[in-house]
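For reference, the chains in residue letters:
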Amino acid sequence: MSVQTWTFLLVGITFALYIGIAIWSRAGSTKEFYVAGGGVHPVANGMATAADWMSAASFISMAGLISFLGYDGSVYLMGWTGGYVLLALLLAPYLRKFGKFTVPDFIGERYYSQTARIVAVICALFVSFTYVAGQMRGVGIVFSRFLEVPINLGVVIGMAIVFIYAVLGGMKGITYTQVAQYCVLIFAFMVPAIFISIQMTGNPVPQFGFGAALNDGSGTFLLDKLDGLNRELGFAQYTTGTKPLIDIFCITAALMIGTAGLPHVIVRFFTVPKVRDARSSAGWALFFIALLYTTAPAVAAFARTNMIQTVSNAKFADLPAWVNNWKDTGLIELEDKNQDGIVQYVADKETNEFVPDRDIMVLANPEIANLPNWVIALVAAGGLAAALSTAAGLLLVISSAISHDLLKNAINPNISERGELLAARIAAAVAVVFAGLLGIYPPGFVAQVVAFAFGLAASSFFPAIILGIFDKRTNMQGAIAGMIVGILFTALYIIYFKFINPEANNAENWFLGISPEGIGTIGMVVNMVVTILVSRLTPAPPENIQDLVEDIRIPSGAGKAVAH
Amino acid sequence: MSKGNLQQYWKTNLRYLVILLAIWFLVSYGCGILFAEQLNSIRLGGFKLGFWFAQQGAMYVFVLLIIIYVRLMNSLDRKYGVREE
Numbered sequence: 091m092s093v094q095t096w097t098f099l100l101v102g103i104t105f106a107l108y109i110g111i112a113i114w115s116r117a118g119s120t121k122e123f124y125v126a127g128g129g130v131h132p133v134a135n136g137m138a139t140a141a142d143w144m145s146a147a148s149f150i151s152m153a154g155l156i157s158f159l160g161y162d163g164s165v166y167l168m169g170w171t172g173g174y175v176l177l178a179l180l181l182a183p184y185l186r187k188f189g190k191f192t193v194p195d196f197i198g199e200r201y202y203s204q205t206a207r208i209v210a211v212i213c214a215l216f217v218s219f220t221y222v223a224g225q226m227r228g229v230g231i232v233f234s235r236f237l238e239v240p241i242n243l244g245v246v247i248g249m250a251i252v253f254i255y256a257v258l259g260g261m262k263g264i265t266y267t268q269v270a271q272y273c274v275l276i277f278a279f280m281v282p283a284i285f286i287s288i289q290m291t292g293n294p295v296p297q298f299g300f301g302a303a304l305n306d307g308s309g310t311f312l313l314d315k316l317d318g319l320n321r322e323l324g325f326a327q328y329t330t331g332t333k334p335l336i337d338i339f340c341i342t343a344a345l346m347i348g349t350a351g352l353p354h355v356i357v358r359f360f361t362v363p364k365v366r367d368a369r370s371s372a373g374w375a376l377f378f379i380a381l382l383y384t385t386a387p388a389v390a391a392f393a394r395t396n397m398i399q400t401v402s403n404a405k406f407a408d409l410p411a412w413v414n415n416w417k418d419t420g421l422i423e424l425e426d427k428n429q430d431g432i433v434q435y436v437a438d439k440e441t442n443e444f445v446p447d448r449d450i451m452v453l454a455n456p457e458i459a460n461l462p463n464w465v466i467a468l469v470a471a472g473g474l475a476a477a478l479s480t481a482a483g484l485l486l487v488i489s490s491a492i493s494h495d496l497l498k499n500a501i502n503p504n505i506s507e508r509g510e511l512l513a514a515r516i517a518a519a520v521a522v523v524f525a526g527l528l529g530i531y532p533p534g535f536v537a538q539v540v541a542f543a544f545g546l547a548a549s550s551f552f553p554a555i556i557l558g559i560f561d562k563r564t565n566m567q568g569a570i571a572g573m574i575v576g577i578l579f580t581a582l583y584i585i586y587f588k589f590i591n592p593e594a595n596n597a598e599n600w601f602l603g604i605s606p607e608g609i610g611t612i613g614m615v616v617n618m619v620v621t622i623l624v625s626r627l628t629p630a631p632p633e634n635i636q637d638l639v640e641d642i643r644i645p646s647g648a649g650k651a652v653a654h
Numbered sequence: 127m128s129k130g131n132l133q134q135y136w137k138t139n140l141r142y143l144v145i146l147l148a149i150w151f152l153v154s155y156g157c158g159i160l161f162a163e164q165l166n167s168i169r170l171g172g173f174k175l176g177f178w179f180a181q182q183g184a185m186y187v188f189v190l191l192i193i194i195y196v197r198l199m200n201s202l203d204r205k206y207g208v209r210e211e
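Chains as they are written, first to last, in my numbering: chain A, 91 to 654; chain B, 127 to 211.
By construction, these hints were calculated from the structure, which means they are not laboratory data. There could be a bad hint or two in this list.
Cβ-Cβ distance ranges computed for the label pairs, FRET-style [what the hints assert, rightly or not]:
id : chain 1 : residue 1 : chain 2 : residue 2 : range
1  : B       : Ser167    : A       : Lys405    : 36 to 44 Å
2  : B       : Glu210    : A       : Glu593    : 56 to 64 Å
3  : A       : Gly420    : B       : Glu211    : 55 to 63 Å
4  : B       : Ser167    : A       : Leu99     : 48 to 56 Å
5  : A       : Thr419    : B       : Glu210    : 15 to 23 Å
6  : B       : Ser167    : A       : Asp637    : 53 to 61 Å
7  : B       : Thr138    : A       : Asn502    : 40 to 48 Å
8  : A       : Phe589    : B       : Glu211    : 50 to 58 Å
9  : A       : Asn634    : B       : Trp136    : 18 to 26 Å
10 : B       : Leu202    : A       : Ile574    : 32 to 40 Å
11 : B       : Ala148    : A       : Leu335    : 55 to 63 Å
12 : B       : Trp136    : A       : Asn599    : 43 to 51 Å
13 : B       : Leu132    : A       : Phe158    : 48 to 56 Å
A virtual CB, placed ideally from N, CA and C, is assigned to each residue, including glycine.
My request is simple: use the sequences and hints to build the entire structure.
If you want it as structure tokens, here you go:
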């Protein structure tokens with residue numbers, strides 16, 4: 091069968107599966123809609139969290155990114171996994187004990203303030219919308235490359251699928267579809283990785299093949315070979331960094347802390363029955379994520395070695411078919427600049443004749459390694475699973491922020507259960523359409539802004555939640571001042587270097603040599619200092635709030651997530 | 127649970143957190159970033175050690191840390207009788 095038939099078949103089967111699950115797990119109450127009734131098994135929640143967390147970017151772009159960055163790409167690996175340690179140890183169990191539905195719920199109640207709640211809602215909406223637009227775009231791109239439908243039609247099909255299970259099932263439907271989506275995406279990621287690891291090193295475990303010797307008879311280690319190839323072509327050595335130490339440090343920290351502060355991740359821990367389930371569920375989530383994240387750098391090294399050996403100094407006439415296939419989609423640029431009929435792939439931009447897009451490292455990897463057609467189709471189904479699961483999780487945060495935090499808690503506290511559920515469904519439906527429009531007409535800055543959502547989450551939510559649990563003395567004044575100063579500092583720094591004065595965006599002008607990607611770490615520290623100082627200078631929080639803090643620190647009596 | 131017991135429970139919890147987060151910091155920011163260059167002179171099969179920590183080792187340790195934390199807290203919950211049934 092051709093690649094295209096396989097792709098239609100696999101994508102069709104997985105989509106039917108998602109819709110089947112959605113119909114089976116319809117939400118009947120607001121509690122089911124927001125937190126799946128608080129009855130999800132910790133392992134299932136771990137899988138759902140992993141699928142929720144790993145977006146189209148993790149699945150499609152990350153290995154490619156590392157492939158071109160080498161050691162410097164480690165910031166994404168450590169940054170996007172290390173945050174789960176913070177989540178498990180510092181946030182998840184306490185927020186589960188608190189037992190409401192959303193992050194603004196916690197901020198609003200702990201800081202006994204409608205203003206704090208609204209600030210949190212605005213931060214949550216801003217972070218989630220920038221994210222979700224990128225996911226919808228990812229769905230469109232996978233459709234257009236593998237099924238040869240126009241990108242916009244792809245976005246509309248993706249919207250329709252998410253619409254069905256997010257609007258019908260709420261968190262309950264989303265959780266169980268995400269479990270299925272995790273299985274699809276991890277299978278799709280591992281199969282080509284294992285094939286290639288065997289081909290190149292004879293070791294079936296990519297994590298070990300990564301550090302093994304090549305089986306071309308030379309006995310050279312893969313990474314030494316790659317360092318050598320990079321050096322020969324004038325690139326930086328693969329296993330050592332080029333970015334300044336302080337910047338690597340700050341970017342990693344911003345990604346870690348941002349992960350722990352993202353509302354669509356935090357809210358997943360409201361769905362398990364007990365405090366101890368919240369702890370173990372974070373462990374399961376990280377285990378399922380680490381499966382992909384420890385494989386990705388191996389794929390990156392395999393793919394780069396393979397690509398250089400195939401392309402560098404090959405005759406233009408002898409290039410394999412995949413080069414021209416991907417050239418047609420615009421993801422490879424190829425030009426015989428010096429007319430010698432041989433491909434020069436070198437670091438020097440003037441003479442370099444081969445420019446691959448980083449996304450093809452995963453998308454074209456099976457073709458580069460000559461794997462069977464069904465494996466290529468599997469990658470398409472996996473990319474779609476990754477994009478759809480993340481989009482659904484984000485849409486739920488958006489709809490609950492509107493129906494629960496704004497409508498129920500700020501505008502009309504007397505709304506009935508059925509009214510709120512209807513409002514949640516309408517909000518989800520509107521959000522799906524809005525996200526789809528952002529995917530069809532992407533504003534130019536979306537791609538840039540997504541990367542900064544982490545810095546913004548780190549500098550706004552994280553300190554307010556942590557101090558709310560670990561420091562009884564933190565009060566309303568401190569938290570509000572901290573959140574506003576933190577997010578403004580970070581946002582202005584990013585806006586200045588990215589939009590107002592992009593020419594100045596280099597290490598010489600950066601504050602302490604920290605790039606806009608890493609500035610969230612400083613924003614977080616600023617937020618903490620402001621929160622603690624202002625809290626000490628203003629009256630302590632009321633007695634009942636101090637009791638609330640005592641209460642969330644011990645697990646017993648967590649009960650079920652209670653409605654207000 | 128009495129006030130004194132609660133404080134004792136909380137103190138032990140905080141001690142666990144400090145130790146576990148110190149290890150968390152050491153493997154990622156320490157071995158993977160700050161001392162990566164020095165560690166790179168040591169080899170682990172085909173890996174340079176600093177590079178291995180940054181792209182593999184730190185993530186394994188993260189998973190282990192959560193497993194240890196879950197076990198420690200479960201037994202602490204039992205000891206102070208605050209485990210949910």
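Structure-based check of each hint:
1. B:Ser167 to A:Lys405: 36 to 44 Å: Holds: the Cβ-Cβ distance is about 40 Å, inside 36 to 44 Å.
2. B:Glu210 to A:Glu593: 56 to 64 Å: holds, 58 Å
3. A:Gly420 to B:Glu211: 55 to 63 Å: holds, 60 Å
4. B:Ser167 to A:Leu99: 48 to 56 Å: holds, 51 Å
5. A:Thr419 to B:Glu210: 15 to 23 Å: Roughly 54 Å apart at Cβ, these two residues miss the hinted range, so it is violated.
6. B:Ser167 to A:Asp637: 53 to 61 Å: holds, 55 Å
7. B:Thr138 to A:Asn502: 40 to 48 Å: Between Thr138 of chain B and Asn502 of chain A, where Cβ atoms are some 45 Å apart, the hint holds.
8. A:Phe589 to B:Glu211: 50 to 58 Å: holds, 55 Å
9. A:Asn634 to B:Trp136: 18 to 26 Å: Between Asn634 of chain A and Trp136 of chain B, where Cβ atoms are some 19 Å apart, the hint holds.
10. B:Leu202 to A:Ile574: 32 to 40 Å: holds, 37 Å
11. B:Ala148 to A:Leu335: 55 to 63 Å: Taking Cβ atoms as reference, Ala148 of chain B and Leu335 of chain A lie about 20 Å apart, which means the hint is violated.
12. B:Trp136 to A:Asn599: 43 to 51 Å: Holds - the Cβ-Cβ distance for Trp136 of chain B and Asn599 of chain A, about 45 Å, lies within 43 to 51 Å.
13. B:Leu132 to A:Phe158: 48 to 56 Å: holds, 52 Å
Comparing the model with each earlier hint shows violations of hints 5 and 11; every other hint is respected.
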